[in-house]
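Number of protein chains: 2
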Amino acid sequence: MFENKEKTEINKLGEFGLIKHLTKDFTIKHTETAYGIGDDAAVIATNPKQQVISTDLFIENIHFDLMYSPLMHIGYKCISASVSDICAMNAIANQVLVSIALSSKYSLEAVEELYRGIKASCDKYNLELIGGDTSSSVTGLMISITVIGYADEKKIVKRSGAKPGDLLVASGDLGGAYMGLQMLEREKQVFLDQKDMQPDLEGKEYIVGRQLRPEARTDIIELLDEIGIIPTAMIDISDGLSSEIFHLCDHSKIGMRVYEDKLPIDQQTYDTALEFNLAPTTCAMNGGEDYELLFTLPQADYDKVKNSIELTVIGYCTEPHLGLEMITKSGNVVSLEAQGWENFKG
Amino acid sequence: MFENKEKTEINKLGEFGLIKHLTKDFTIKHTETAYGIGDDAAVIATNPKQQVISTDLFIENIHFDLMYSPLMHIGYKCISASVSDICAMNAIANQVLVSIALSSKYSLEAVEELYRGIKASCDKYNLELIGGDTSSSVTGLMISITVIGYADEKKIVKRSGAKPGDLLVASGDLGGAYMGLQMLEREKQVFLDQKDMQPDLEGKEYIVGRQLRPEARTDIIELLDEIGIIPTAMIDISDGLSSEIFHLCDHSKIGMRVYEDKLPIDQQTYDTALEFNLAPTTCAMNGGEDYELLFTLPQADYDKVKNSIELTVIGYCTEPHLGLEMITKSGNVVSLEAQGWENFKG
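Residue numbers (our numbering), protein chains in the order written: chain D, 62 to 407; chain X, 62 to 407.
It is possible that part of the hints are untrue.
Identical chains blur together in the list; that is why a pair holds if it fits in one copy or across any two.
Stated by the list, open to error - Derived lysine-lysine pairs resembling BS3-like cross-links, with alpha carbons at most 27 Å apart:
#, residue 1, residue 2
1, 314, 73
2, 90, 110
3, 323, 81
4, 314, 85
5, 81, 314
6, 224, 81
7, 249, 323
8, 73, 216
9, 216, 110
10, 249, 224
11, 216, 249
12, 73, 110
13, 110, 215
14, 390, 249
15, 390, 110
16, 216, 185
17, 166, 216
18, 249, 367
19, 256, 323
20, 185, 85
21, 314, 185
Please keep in mind that the hints were generated in silico from the structure rather than gathered at the bench.
Pulled out of the complex, with its shape left as it was, chain D reads as follows (with noise of 0.2 Å):
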């Protein structure tokens, strides 16, 4: 739970000192980027791959809280799940364009927290930061990330190219980040009731840390590459599988059948599940913010992937007529509605 120990005002800096505050640590790392941030827009040169791009909005109390989000979590978080777009594009994202708006709530030293979590995050995935904007808003912070990745025209992979009998594979497990998410809010309820009492979060370090803190998974990309495998279609799963199952369906033209028993649950997430009295299946397919990699796959590349112990084949792909359905573990025939997140949480 975040607070600010010293406070200095961001004004003092002005807009152009703060952002020249802010990115003095970051490094130029692609040779296609001819020049990063100082100018009136950065330059990037010719490179012989196609090149994939992808925005997003994350708002305070809408996207995070800051009631248990630190904020350098917040910042890394922002860039994972861009990053994570990228991904499902099959593409390596390089650079990233990063503005914020924020109201005289946030101190330097709150807004440096977040930069010191993007910073984490560029690091990582091996990504620039060569633009943005600051501004003042009018309530809370307000982030929109712009990603840019890089792949082989014959590389790209889109949610359209999924055929009737291919495998549906899932990466990593599901369902963790929105069990996270329980935890969290539940120590919060229990924080606002009394002031005195500690976040016990002892025993919940994987989910919360998919909540707070998720990876793209460029090394799933990676991963793809040198087991020689180009997915039919992708998506990231970051609304619910539920919610990405209907995407691929949707633009492929094809029906999806799951299997429930073979949904890749991690004891912790099935555990706070069942003590939050919650099924644990709903959880990974209508639980967002996972991050994971939901693909396609022709049969025949069945063996590239079977021993993986981070891909998991969940399902396969039917004939449009037959929509979308689970087989559950009892070997009942269930559809599956298209349901965000969003509605979970309603």
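We have chain D; now place chain X onto it with these hints.
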């Protein structure tokens, strides 16, 4: 002044429905755009030119006031202001990503108005909308724009190339947007004091238009290309001439001398400044949001610009130790302080 006639709640459409609805009339215009809206990211093919990227934030009650700015104009202006940054690099903008966060006070019709303005400016500047994000916000409207442009490597102009002896040139006229803002602020006050009063902006159409619906000077970039000029340094005049001169001098490590009697001030700007008991020179020097271009040229290029009605030589570059000076109409030399629009307002 904007009013809602009938309101449709946005959450009926959902986030994906909203994006689809708002972007349905936007078209792909440039051959390098391989894939626009609709996947995790947009895809841009290789282009032999260098790429120029800039991002800007526009926030309700910080950058615009709905009391006197119609939403269509706000949409148009955000794009103009962003494209202006690309012009300032001597590049042509081709693609744009637009993210919006909005509170529940905004109806679908209001957001459609905003996008009508965005569409009009995309059409005007031959710009493609290739991506974006939408979110709810706690208060008001926030717009984040990322623009991508292109230029031959040897034609890209930074702020840093001006040399002592170079001429200082401004496009168009200055101070108009600022005087338009004064008019609008005055009429807003009249309206707030006496609700049945209608705003009286007769005879002020030019300056009000400069404030509400400015244009990026893409025509000047084309003109420079036609007359065979590559500026040695360039910046767009968004914060005020004085502030931009400061940036050019700072980046190019030079001084500058500006002639008061050369400043291009439109008659309506001039007359309105006097009505408000403001010095027209102060409005031209410190009033922001004109989105004109300010650039430097070798003296040898003087013949190419001397007869242009759109370009005015307003001074020249000096040795750095001479600093920033203005030669007043009465022949006095006064020092210019770094002073942007923000300071001017307070």
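- Item | Those earlier numbered hints the structure runs against, lowest number first | 3, 7, 8, 10, 11, 12, 14, 15, 17, 18, 19 and 21
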